[in-house]
Amino acid sequence: QVQLVESGGGLVQPGGSLRLSCASSGSIFRINSKAWYRQTPGKERELVASITRGGSTVYADSVNGRFTISRDNARSTVYLQMNSLKPEDTAVYLCNWVGDFGQDYWGKGTLVTVSS
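Quick note, this note's numbering runs 214 ahead of the 1-based positions in the sequence shown.
In case anyone wonders, no lab produced these hints; they're calculated from the structure.
A virtual CB, placed ideally from N, CA and C, is assigned to each residue, including glycine.
None of the hints are false.
Heads up, simulated DSS-like pairs for lysine-lysine below, C-alpha to C-alpha not over 27 Å straight-line:
#1 K322 <-> K300
#2 K257 <-> K322
#3 K300 <-> K257
Computed spacing ranges between beta-carbons, pair by pair:
#4 Q215 <-> G279: 31 to 39 Å
#5 P301 <-> R244: 34 to 42 Å
#6 T254 <-> G230: 13 to 21 Å
#7 I242 <-> T271: 15 to 23 Å
All chains, full assembly: derive it from the sequences and hints.
Here it is in structure tokens:
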């Protein structure tokens, strides 16, 4: 079964940067949108950023201007560039791809910790 695999998480100091990547383990077709969510204990999963097939992007207010979502169609990879990181950005970041026919793919997540 095709899976999404995230990478790039880690420990970073406040004000630092990280770039997350999400790639599929096999071929996935007819994907309409790709998104990054984040999850912290006791809180609901939060949409961080998304990008549609046409290139339209949406960002959470809390990350707008600091994070950038992008994609490499040739590599079937989506990225999340995170700059000016804050302690409140600490979370497990999960990748989600949604298809034209309702296919819903999730990765297992990558941990981002922002701490001095």
